[in-house]
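Fit chain H to the known structure of chain C by using the hints.
Number of protein chains: 2
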Amino acid sequence: MRTVDLIRRKRDAEELAPEELQQLIDGYTRGDIPDYQMAAFLMAVFYSGMTDREVSAMTESMMNSGSIVDLSSIPGIKVDKHSTGGVGDKTSLIASPIAAASGVVVPMISGRALGHTGGTLDKLESIPGFRTDLSIDEFRSLLAEHKLAFIGQTEEIAPADGKLYALRDVTATVESIPLIASSIMSKKLAVSLDALVLDVKVGSGAFMKKQVDARRLAQMMVGIGRRLDKRVQALITDMNQPLGYAIGNALEVMEVSQTLQNVGPSDLTRISLELAARMIYLGKITKTLDEARETAQAKLLDGSGYRKLKDVIQAQGGDPRVLDRFELLPNATGAQEITTSRGGYVSGIDAESIGQASAMIGAGRNTKEDTIDPAVGVILEVKVGQKIDPGSILCRIYYTSEEHLEEAAELVEDAFRISQQPVEERDLILEVVS
Amino acid sequence: MRTVDLIRRKRDAEELAPEELQQLIDGYTRGDIPDYQMAAFLMAVFYSGMTDREVSAMTESMMNSGSIVDLSSIPGIKVDKHSTGGVGDKTSLIASPIAAASGVVVPMISGRALGHTGGTLDKLESIPGFRTDLSIDEFRSLLAEHKLAFIGQTEEIAPADGKLYALRDVTATVESIPLIASSIMSKKLAVSLDALVLDVKVGSGAFMKKQVDARRLAQMMVGIGRRLDKRVQALITDMNQPLGYAIGNALEVMEVSQTLQNVGPSDLTRISLELAARMIYLGKITKTLDEARETAQAKLLDGSGYRKLKDVIQAQGGDPRVLDRFELLPNATGAQEITTSRGGYVSGIDAESIGQASAMIGAGRNTKEDTIDPAVGVILEVKVGQKIDPGSILCRIYYTSEEHLEEAAELVEDAFRISQQPVEERDLILEVVS
Numbered sequence: 012m013r014t015v016d017l018i019r020r021k022r023d024a025e026e027l028a029p030e031e032l033q034q035l036i037d038g039y040t041r042g043d044i045p046d047y048q049m050a051a052f053l054m055a056v057f058y059s060g061m062t063d064r065e066v067s068a069m070t071e072s073m074m075n076s077g078s079i080v081d082l083s084s085i086p087g088i089k090v091d092k093h094s095t096g097g098v099g100d101k102t103s104l105i106a107s108p109i110a111a112a113s114g115v116v117v118p119m120i121s122g123r124a125l126g127h128t129g130g131t132l133d134k135l136e137s138i139p140g141f142r143t144d145l146s147i148d149e150f151r152s153l154l155a156e157h158k159l160a161f162i163g164q165t166e167e168i169a170p171a172d173g174k175l176y177a178l179r180d181v182t183a184t185v186e187s188i189p190l191i192a193s194s195i196m197s198k199k200l201a202v203s204l205d206a207l208v209l210d211v212k213v214g215s216g217a218f219m220k221k222q223v224d225a226r227r228l229a230q231m232m233v234g235i236g237r238r239l240d241k242r243v244q245a246l247i248t249d250m251n252q253p254l255g256y257a258i259g260n261a262l263e264v265m266e267v268s269q270t271l272q273n274v275g276p277s278d279l280t281r282i283s284l285e286l287a288a289r290m291i292y293l294g295k296i297t298k299t300l301d302e303a304r305e306t307a308q309a310k311l312l313d314g315s316g317y318r319k320l321k322d323v324i325q326a327q328g329g330d331p332r333v334l335d336r337f338e339l340l341p342n343a344t345g346a347q348e349i350t351t352s353r354g355g356y357v358s359g360i361d362a363e364s365i366g367q368a369s370a371m372i373g374a375g376r377n378t379k380e381d382t383i384d385p386a387v388g389v390i391l392e393v394k395v396g397q398k399i400d401p402g403s404i405l406c407r408i409y410y411t412s413e414e415h416l417e418e419a420a421e422l423v424e425d426a427f428r429i430s431q432q433p434v435e436e437r438d439l440i441l442e443v444v445s
Numbered sequence: 012m013r014t015v016d017l018i019r020r021k022r023d024a025e026e027l028a029p030e031e032l033q034q035l036i037d038g039y040t041r042g043d044i045p046d047y048q049m050a051a052f053l054m055a056v057f058y059s060g061m062t063d064r065e066v067s068a069m070t071e072s073m074m075n076s077g078s079i080v081d082l083s084s085i086p087g088i089k090v091d092k093h094s095t096g097g098v099g100d101k102t103s104l105i106a107s108p109i110a111a112a113s114g115v116v117v118p119m120i121s122g123r124a125l126g127h128t129g130g131t132l133d134k135l136e137s138i139p140g141f142r143t144d145l146s147i148d149e150f151r152s153l154l155a156e157h158k159l160a161f162i163g164q165t166e167e168i169a170p171a172d173g174k175l176y177a178l179r180d181v182t183a184t185v186e187s188i189p190l191i192a193s194s195i196m197s198k199k200l201a202v203s204l205d206a207l208v209l210d211v212k213v214g215s216g217a218f219m220k221k222q223v224d225a226r227r228l229a230q231m232m233v234g235i236g237r238r239l240d241k242r243v244q245a246l247i248t249d250m251n252q253p254l255g256y257a258i259g260n261a262l263e264v265m266e267v268s269q270t271l272q273n274v275g276p277s278d279l280t281r282i283s284l285e286l287a288a289r290m291i292y293l294g295k296i297t298k299t300l301d302e303a304r305e306t307a308q309a310k311l312l313d314g315s316g317y318r319k320l321k322d323v324i325q326a327q328g329g330d331p332r333v334l335d336r337f338e339l340l341p342n343a344t345g346a347q348e349i350t351t352s353r354g355g356y357v358s359g360i361d362a363e364s365i366g367q368a369s370a371m372i373g374a375g376r377n378t379k380e381d382t383i384d385p386a387v388g389v390i391l392e393v394k395v396g397q398k399i400d401p402g403s404i405l406c407r408i409y410y411t412s413e414e415h416l417e418e419a420a421e422l423v424e425d426a427f428r429i430s431q432q433p434v435e436e437r438d439l440i441l442e443v444v445s
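Quick mapping for you: the protein sequence lines, in order, are chains C and H. Plus 11 on top of the position in the first sequence (first one is 1) and you've got the numbering used here. Plus 11 on top of the position in the second sequence (first one is 1) and you've got the numbering used here.
Accuracy of the hints is not assured; some may be wrong.
Because identical chains share one entry, a pair is satisfied inside a single copy or across any pair of copies.
Said to hold, decoys possible - Simulated crosslink set (SDA-like; lysine to any residue; CA at most 25 Å straight-line):
(1) K241 - T297
(2) K321 - Q431
(3) K89 - A346
(4) K174 - R13
(5) K174 - D43
(6) K174 - R64
(7) K321 - D381
(8) K221 - M12
(9) K174 - R20
(10) K221 - R19
(11) K221 - G234
(12) K295 - D381
(13) K220 - D23
(14) K220 - Q230
(15) K241 - R19
Derived from the structure by calculation, the hints contain no laboratory data.
In isolation and in its complexed conformation, chain C is listed as follows (with noise of 0.2 Å):
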């Protein structure tokens, strides 16, 4: 059938055939199909949606469109864990790390920080000698040995993604949660694992900001993950406010740390801990999810995560140390106070404005071309439900330029919702999918 009149039945919401999607995903891959005929079928995807059956093929095409990272050699259950992005988001370089000092092999194919969001290899890059940018091979040996490794997305896994997420980003088709979905379980899958646990952001600082969108998210790429035999768990959570204090790549590094060690904010350790939970009981360590949790908790509290960490960035190549002497990861030259004027509760913060001030001064990227800085950042000094007093400290800024400073610290003040009455505490694990 020709490519228009795909992208017709597509815009009419008629169902196409997985052979029918296999045949646009090869053709964009391999240059056949044009920019413009692709621009216009992932526009009728955004209004038109797709089945899960469409959604399931669609993937399957876009895992198959490079090599498949096989992990068959190295012994025992293969869990990775994704998050759809969230400001202050650290859980990977957490729960992972808990995870495989478990006893679950945790292959960890990471990404960078885009828009308002960061990205797990940014933050590891800041970490002096860190090196993501490992061979498949380097991979697959330091996986055998640590059950632990961190790479970025190779030009081989899933090329239709990149290419296709390259287009939507310059088409107003990224908001699409059929396509959201294919791009990350393409990925994922890409890589041969037994299992994935999804974290899915709902809120002001993720790019979902209805629950009732993150659910249809997190059931589609469960459902994706079932079709194609793997197991798949997705939490739902919240992201109404930065997770922990720290917003920056060097400060997220900092409060990994701190939270390894078992002195980490509360709802950072709490999430941290579900998802590795979620890891080890799915990468079948223990038979229920109860003792899974339990084991996580003991292997924060024994150190054995923190330890893991420190092992495995020392095998790419980057300074172990710097996970005690903070002063060993880059740092800011100044620090700019934020303080309330008003006392009472604080009632919000909104993340994707802090995500945006942090990305202003240096810590993310406008877009892709653009450098991190990785020692600047925000770290709160409240969260939502704190008691403030006029003159309180609400946050403060970590620079290195005061180019644009002046505009991000307008943003982060603007973020601050400050109430006369006391807040309900919000739950952190809204739902759980699987």
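Same frame as chain C, now just chain H:
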């Protein structure tokens, strides 16, 4: 504003400002905005539609993307006529000579056949010697002398439309009312017209299958004209069976000649006269529409419409004798009769199927690169409402090659619906929008 933000806002059904639409059209015409962004925008318009203000602004930008054909040196009021395209629709070749013979200046910028619908230029080019590739200066001087001349769209006229149309064709975004309206009106108004009469076809043989869509298209085009200070009237006419009896280029020229001699089919005569009357009225030749109808009728009966077409054929290099001696036109080498095995009343003749069958044997184009065989086509022997006996001839297919003939014959045969009950006559002119 960045192009991706304009796409996003249209995607979310926001109204774009005139200068934003101009930025899009200008950027696309210059090549600064790539095809893939425009494709996503067009699909967003397909779903989100456009307000009247948007469609007018976009039309104006498209109209101004090339040079405006200035006809101010030619005395008289300039009125063009446009049909949205149908099967057997040769009204332009009848209404425009009648209007010109009545004193209206008629600068006909005509199109070519595409898909199952015919094009005026192809019909004219079936006349040996007829040239449609006039320069703008030749066009102007022929218009001054004869008040009527035919030309194709040149690259200087609304180049944005040419580029957009080619893109819509391959991205399944042809069938969008605001995109159709802006495409037609930008081309027409790139000539300094005073008024325009539109024939919006509705039914199986037309782009618009439903009257409500045809009405919306007509209203949109009339509105665009009003905002640009042009008087525009639109007839909504039935295309549930071919117009007249002849379908195919030379065959239609023959029927034009008969109709201009007042021995043509009644449906074709009726619509052509009404279109001519509207042109005469908007051309201010008469004070009232009824007087204009009388004038049109008179110019048909006294043969001055017929003589006008003959003069113009001669002026554009064609052999005017073809209007009397049909053997001077390209002639088919074979004819196949399609008969019916059942008697009854003809209750429907699917115009799209007849158009497709004609195109299949060479009368039309499936791609812009196809060449036309001017001799071939279909001549109906019956029209809707007619009583027929078993064995009656329904139509004849005129061909020059047997390639695709059998396929075309099947399509033609299936196009006829025969009922046992007499059929109510349908209105030909369904609505007037002005």
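Do the hints match the structure? See the list:
{"no.": "1", "hint": "K241 - T297", "result": "within (18 Å within a copy, 78 Å between copies)"}
{"no.": "2", "hint": "K321 - Q431", "result": "neither (44 Å within a copy, 88 Å between copies)"}
{"no.": "3", "hint": "K89 - A346", "result": "neither (42 Å within a copy, 72 Å between copies)"}
{"no.": "4", "hint": "K174 - R13", "result": "both (21 Å within a copy, 21 Å between copies)"}
{"no.": "5", "hint": "K174 - D43", "result": "both (13 Å within a copy, 21 Å between copies)"}
{"no.": "6", "hint": "K174 - R64", "result": "within (22 Å within a copy, 36 Å between copies)"}
{"no.": "7", "hint": "K321 - D381", "result": "neither (29 Å within a copy, 69 Å between copies)"}
{"no.": "8", "hint": "K221 - M12", "result": "neither (37 Å within a copy, 27 Å between copies)"}
{"no.": "9", "hint": "K174 - R20", "result": "both (23 Å within a copy, 24 Å between copies)"}
{"no.": "10", "hint": "K221 - R19", "result": "between (30 Å within a copy, 19 Å between copies)"}
{"no.": "11", "hint": "K221 - G234", "result": "within (20 Å within a copy, 40 Å between copies)"}
{"no.": "12", "hint": "K295 - D381", "result": "neither (41 Å within a copy, 64 Å between copies)"}
{"no.": "13", "hint": "K220 - D23", "result": "between (27 Å within a copy, 15 Å between copies)"}
{"no.": "14", "hint": "K220 - Q230", "result": "within (16 Å within a copy, 39 Å between copies)"}
{"no.": "15", "hint": "K241 - R19", "result": "neither (33 Å within a copy, 35 Å between copies)"}
Hint compliance for this structure: hints 2, 3, 7, 8, 12, 15 are broken, all remaining hints hold.
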